[in-house]
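Quick mapping for you: the protein sequence lines, in order, are chains A and B.
Taking the numbering used here, the leading residue of the first sequence gets 1, the next gets one more, and so forth.
Taking the numbering used here, the leading residue of the second sequence gets 1, the next gets one more, and so forth.
It is possible that some hints are incorrect.
[Said to hold, decoys possible] Negatives, chain A to chain B, calculated, CB over 10 Å:
1. GLN17
2. GLY51
3. GLY84
4. GLU146
[Said to hold, decoys possible] Some but not every residue of chain A turned toward chain B, in silico, with C-beta under 10 Å:
5. MET1
6. THR2
7. SER3
8. THR33
9. VAL61
10. PHE83
11. LEU128
12. ILE129
Since the hints were derived computationally from the structure, they do not count as laboratory data.
No residue lacks a Cβ here, since even glycine has one placed at the ideal position from N, Cα and C.
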Amino acid sequence: MTSRLLMTLQVVVPPPQRLGGVPHGTRVIAPITGGTFDGPRLRGKVLAGGGDWTLSRSDSVLELDLRITLETDDGALISMSSFGLRHGPPEVLAALARGESVDPSAYYFRTAARFEASAQRYGYLNRLIAIAYGDRRASGPIYTVEEIL
Amino acid sequence: MSAFESEGRRPGGVHRRVVLKAAAAAFVAGATNAWAGFAHALAGHGHSPIVNTRGTAMNSRPLMTVRIAAAPPQKLGAVPHGIRSIVLVSGGDFEGPRLRGKVLPGGGDWLLLRSDGVLELDLRITLETDDHALIYMTFQGVRHGPPAAIAALSRGENVDPASYYFRTLPRFETSAEAYAYLNRMVTVGVGEARLAGAVHRIYEVL
Numbered sequence: 001m002t003s004r005l006l007m008t009l010q011v012v013v014p015p016p017q018r019l020g021g022v023p024h025g026t027r028v029i030a031p032i033t034g035g036t037f038d039g040p041r042l043r044g045k046v047l048a049g050g051g052d053w054t055l056s057r058s059d060s061v062l063e064l065d066l067r068i069t070l071e072t073d074d075g076a077l078i079s080m081s082s083f084g085l086r087h088g089p090p091e092v093l094a095a096l097a098r099g100e101s102v103d104p105s106a107y108y109f110r111t112a113a114r115f116e117a118s119a120q121r122y123g124y125l126n127r128l129i130a131i132a133y134g135d136r137r138a139s140g141p142i143y144t145v146e147e148i149l
Numbered sequence: 001m002s003a004f005e006s007e008g009r010r011p012g013g014v015h016r017r018v019v020l021k022a023a024a025a026a027f028v029a030g031a032t033n034a035w036a037g038f039a040h041a042l043a044g045h046g047h048s049p050i051v052n053t054r055g056t057a058m059n060s061r062p063l064m065t066v067r068i069a070a071a072p073p074q075k076l077g078a079v080p081h082g083i084r085s086i087v088l089v090s091g092g093d094f095e096g097p098r099l100r101g102k103v104l105p106g107g108g109d110w111l112l113l114r115s116d117g118v119l120e121l122d123l124r125i126t127l128e129t130d131d132h133a134l135i136y137m138t139f140q141g142v143r144h145g146p147p148a149a150i151a152a153l154s155r156g157e158n159v160d161p162a163s164y165y166f167r168t169l170p171r172f173e174t175s176a177e178a179y180a181y182l183n184r185m186v187t188v189g190v191g192e193a194r195l196a197g198a199v200h201r202i203y204e205v206l
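Produce the entire structure from the sequences given, and follow the hints as far as they go.
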């Protein structure tokens with residue numbers, strides 16, 4: 001089994017909405033106001049209006065539940081959703097919380113992504129499973145998205 | 001808990017339903033093969049990890065191979081999102097370097113054949129380890145391939161899994177401390193439709 005680069009995705013996240021303790025954990029919603037994506041077969045921008053509905057669980061794992069719309073440079077709209085997990089040593093997570101740059105290999109930040117597209121030239125996105133490696137920067141996360149072959 | 005609810009559902013291709021019905025019937029025929037060979041040695045040990053063709057980020061290691069025994073499907077036919085078949089799970093087993101045990105009866109796979117010919121899988125089962133921990137496993141996935149390969153599957157033939165795409169995204173929940181690592185990992189499954197039932201080789205994404 002192999003994988004190959006689908007794209008690198010960077011999203012812009014303004015200050016999040018901190019909802020606090022809810023029945024399943026601590027809910028923080030991160031609206032996404034933009035971003036860009038670039039890969040061998042697709043590139044373009046992230047439209048404003050999506051977000052990441054994150055939940056910090058009782059076992060300190062952060063669940064990520066992202067929905068965004070991508071607009072390719074040739075005008076196609078692609079819906080992307082992903083579910084992922086982020087966890088790591090307390091000191092690393094504390095550094096992330098302080099907005100510091102942290103080596104992404106110091107923590108686990110992986111998501112599984114799915115896509116929807118009606119444009120025929122992007123129809124392959126409807127049929128693939130993808131895994132993303134996250135790198136949480138102060139300005140917002142950068143994802144390296146890999147197609148599982 | 002925020003379940004993996006990011007699955008998109010697209011409007012059904014109503015005009016293609018007749019074609020899809022035929023395809024669904026063919027698919028279901030392939031899925032109904034009775035579980036056999038349940039006792040024979042587990043395959044899948046020593047399968048290679050995910051290889052990243054860029055030679056960079058992606059690393060994985062085998063988590064386990066899950067073999068699922070299924071009852072004959074309930075064929076619900078055309079529903080708004082495609083052709084629905086529900087396959088109830090009657091048992092099975094799983095084995096990997098860190099865990100092994102049996103699949104409890106009672107779960108199922110809620111299959112949807114989409115208008116673009118892709119079969120969506122939506123599975124919920126319970127695993128019981130050999131030391132009696134219960135693990136809730138779900139996945140969503142896709143299966144598709146060249147018409148010839150899919151047709152051969154529906155005739156109940158064994159088909160080289162490399163000839164079709166059958167990938168899933170398993171998730172786990174457990175309260176057992178010994179298996180709590182399952183709560184914290186992202187995994188990918190490589191599926192194989194065999195005469196004896198579906199076999200899923202699951203890799204932990206490192």
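Against the structure, the hints come out as follows:
no., hint, verdict
1, GLN17, "holds (15 Å)"
2, GLY51, "holds (12 Å)"
3, GLY84, "violated (6 Å)"
4, GLU146, "violated (5 Å)"
5, MET1, "holds (5 Å)"
6, THR2, "holds (5 Å)"
7, SER3, "holds (5 Å)"
8, THR33, "violated (20 Å)"
9, VAL61, "holds (5 Å)"
10, PHE83, "holds (5 Å)"
11, LEU128, "holds (8 Å)"
12, ILE129, "holds (4 Å)"
Of the numbered hints given earlier, the model fails hints 3, 4, 8; all others are met.
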